[in-house]
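> Please build the complex by placing chain X on the supplied structure of chain B, with the hints as guidance.
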Amino acid sequence: MDALILFALVLGLLFAGVPVGISLGLSSILFVTFISHDSLSSVAISLFGVGNHYTLLAIPFFILASSFMSTGGVAKRLIDFAIAAVGHFRGGLAMASVLACMMFAALSGSSPATVVAIGSIAIAGMRKVGYSKEFASGIIANAGTLGILIPPSIVMVVYAASTDVSVGRMFLAGIIPGALAGAMLMLAIYVVARKRNLPAESWKGMFYLLHAGKQASWGLFLVIIIMGGIYGGVFTPTEAAIVAAIYSMWVALFVYRDMGPLQPHPWLQDSDTDVSRVGFQGTAYGASLFFMVSILTFFAVGTSEEGMQASHWLSITIVSAVVCFAYIQWRKTDDFSLANALAAAVPIWRRNVGLMLKLLIPAIFGGQSRQTILEGTRTTIMLMFIIANALLFAHTLSAERIPQMITEWMVGIGFNWFTFLIAVNILLLIGGQFMEPSGLLVIVAPVVFPIAMELGVDPIHLGIIMVVNMEIGMITPPIGLNLFVTSGITGMSLSQVVRAALPFVAVLMVFLIMVTYIPAISSWLPTLMMGPEIVTK
Amino acid sequence: MAAYWPHLSLLILIAVLWLLELRFYNIMHHIEEHILITIIALIMVVSFGQVVARYGFNTGWSAALEFNTIMFSWLILFGMSYGIKTNLHLGVDIVLKALPKPVEKLLALFGALCVIGYGLILLDPFWLEALGFKVRGGAIDYWAKMFKIGIGAEELRYPMWAQEWFGIQARVHRWVILSPLLLGLALMVLRGTQAFIDIFTGKREALISAHEAEDLVEENKNILAE
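Chains B and X are the protein sequences, given in the same order.
Using the numbering used here, the first residue of the first sequence is number 1, and each one after it goes up by one.
Using the numbering used here, the first residue of the second sequence is number 538, and each one after it goes up by one.
Bound-form chain B, shown alone (with noise of 0.2 Å):
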C-alpha cells in the first residue's frame, strides 16, 4: 500500500511538469516525513554522499571527453572513413552512415549529440545521390541511438554503479550487441537498396581507405585508450575517463584543431615544399607510431612487476623509425634523398611545435575550451542530480523493502526467467518512454536485479537488456528522443519521422528479442576475457 502512494507521489509530480530530480527527490523526501516517520538527516546525508559512489564520477569526464570530440570536424572524419570502407556496396551511402554513427557514438556516446552531427552531413549527402528524405533520416534516427549501447557508455556505468556489477564487464559485454546491431541494421538497409535500386559509391581503392582511416584514428584511438586502459588493468574506469577527456581535450585543440587558438593553422602550410611534405610526413607517422604503440605496451606490461623496460623503448623507437624511413623512401622522387626530406621537415616541426607551446595556455584555458567544458558540465549537473534523487528514491524503496516484497510476489506466482525477461522489457519499453535512461536505470536496477538473481539471469546480460531496453525508448513514440531531434534538424513534422523510422525499429525490436533470449551474445566475450561473472549478493 505504501508503495502504491510511493510511486502515485513521483508519476504524479512528474506529468505535473516538476523537474524529474525534484519529483523523485521530493516524494521520498515526503515518503520519509510523513509515512515512514524516519529521520530527515539520512536523507540529507545520503543527496551529500552520492559523490562517494566512485564509479559515478567516470561519468562527467566521459560527458567531456564527448563534448570535445562531438564537433563536426570529428564527423566529417569518420564518416569520410565509412564511405570508404562500405560505400561502395548498393545502399552504400546508407549504410556508412549507421557505421559513421557507430563509430560517432563509441567517441560521443550521446545519441542527440550523434544525431545532429553525423546527420547534418549525411542526410545530406544522401539525398543528393537520390535517397529520398525519409529513408534518410529513418536510418539516422535508428543508427544514433547505438551510442548507448556501444562502450564507453554512461548507461552502462550508472548501471554497473547501482547493480556493483564490473564497468569493465559491461563495456566488453557491449560490444558484440553493438556491432551486431548496427550490421543488421546495415543487411537491412542493403535488403532495401537491392530492392529499390539504391546507388553505389565508387570503390576509391584501398590506399584511400587507409588515408580516413589514419584522418579518423586519432578520434577512434580514445576508445584504445579508455578499453585498453581498463583491461590492462593500468586505470580505474573512472581515472580512464578522465584520461579520455583530457586526450580528447588534446586531440581537439592540437591535433584535429577544430577549436581553439589553433584553428586557423594547419599542420602544412600552402607555401611548405614538397621535401619538407614528404619529410614532415613521415617523422609524423612515425612519431604517431610511437606514441600509440608506447601507449598499448604501457597497458599490456604497465601492471606488471617491472613495468615498462628499456628494451620496450628501443624496439619501439626502431619500429616506429623504420616506419618513418620507409615512408620517406617510397613517397621521395630522384630530386632529393632521405637526409634531405628530414632536414626539410625539421621547420614544420619547429613551427607547429612553437604554436603549440606559445598557445598552449591560451588554447587550454580560452574560450572555446571553457564554452565547452562549460557544456559538458552542465549536461553533467542535469544528469548527476536526477541521478542522486533517483538514488534517494531507491534507497527510499529498499527501506520499505519494496524490492524484496516485489521479488516475492513474482517469484510467487510463478515467473520463470523467460516470462520475467517479457516483463523487464515491457517495463523498460514503457518506462524509457517518460524518464531519462539513466534515472529510469537506477530505480529499475535494484527492483529487478534480486528478482533476475532469483531466476538465474546473468548480471551483465540482464545490464545489456536493459540498455537496449532504453535505446529502444529513444525512438518509439510518443516522448523519443531522437525523433524529435531528427524531426528538428530536418523540418519533417515529428509523426512523418515516426513513420519513416519504424521499418528499422522493427529491425531493433528483433535485435531486442534476440540479446533477451540468446544470453551468449553479451555475456560470451567478457566471460572469455574476464572468467565468469560472480554474484555476491
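FRET-style restraints, in silico, Cβ to Cβ: (1) B/G531 to X/A540: 53 to 59 Å; (2) B/L357 to X/G593: 20 to 26 Å; (3) B/V319 to X/R694: 42 to 48 Å; (4) B/G354 to X/R694: 40 to 46 Å; (5) X/R560 to B/V301: 57 to 63 Å.
In the EDC-like style, the derived pairs of lysine to aspartate or glutamate whose C-alpha atoms are separated by at most 20 Å in a straight line are: (6) B/K76 to X/E756; (7) X/K622 to X/D752; (8) X/K634 to X/E751; (9) X/K642 to X/E742; (10) B/K358 to B/D258; (11) X/K634 to X/E742; (12) X/K740 to X/E558; (13) X/K622 to X/E558; (14) X/K622 to X/D735; (15) B/K332 to B/D272; (16) B/K332 to B/D270; (17) X/K671 to B/D38; (18) X/K671 to B/D2; (19) X/K622 to B/E375; (20) X/K682 to B/D38; (21) X/K758 to B/E375; (22) B/K332 to B/D274; (23) X/K638 to X/E742; (24) X/K758 to B/E134; (25) X/K622 to X/E570; (26) B/K76 to B/E201.
Hint data in this document are derived by calculation from the structure and do not stem from the laboratory.
In this text, a Cβ means the ideal position worked out from N, Cα and C, and glycines have one as well.
Then chain X, alone, in the frame of chain B:
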C-alpha cells in the same frame, strides 16, 4: 533561540549573495559558472596527477580519493540550484503541452513551489512541526551536530601552514566539508522563489526543459529542411 544561529547565518549569507547578484548580475553569474568549472578541473588534475604519480614516481596522495568524492558531491550541490536558474533540469512536458495556457502556468508555479519545498524540508523540517506534523532531523540539524563534536575527515588534512597559523586540528572538519550541502539547499530555495516570481509575472515560461538536446536542436533547427 540560540539553536537557530546556523539558520540565521545561512539566511544572511543567502541575502548577501542575492543582493550582490541584484547589483552585479553578470559578475556573480560568471563566478557561479567558474566555481563549477573549477571543481571539475580540480578533480581532473588530482586524478590525472594520481595516475602520473603512481606509474611515473611510484607515489601518490592518500587523500586523493576522498578529495575527489567530496568535490563530486560539491559539484552536484552547487550545480542543482544553477540548474534551476538556467532551466537545465529535465521534465516531462507531455501533459503540460496538452493543457490550456493558464493551467500550464499554474502547474509551472506548482513546480517552483516543489523546488522550494524540496530545499526547505531537507534543510530543516521544523516548520512542518508548526503545521502539526512530527518530524526529525534535517541537514542543518546534522550539520550542527558535526559542528559541535568537531569530528574530522578520514584522510583529508589541512595544509601544514594552515595548521600552524591557525592552530587547528590536522583533519579537515566534517562540518566544513558538509557546508555546501546547506548552501546548495538554501540556494535551491532562492532559485525556486525567483523562478516562482518570474513565472508569475510572465518573465519565464517553464521550469523544465523537455529533453536534454533542446539547445542543440534549437541551434540546428531545420538545417536540412527543403
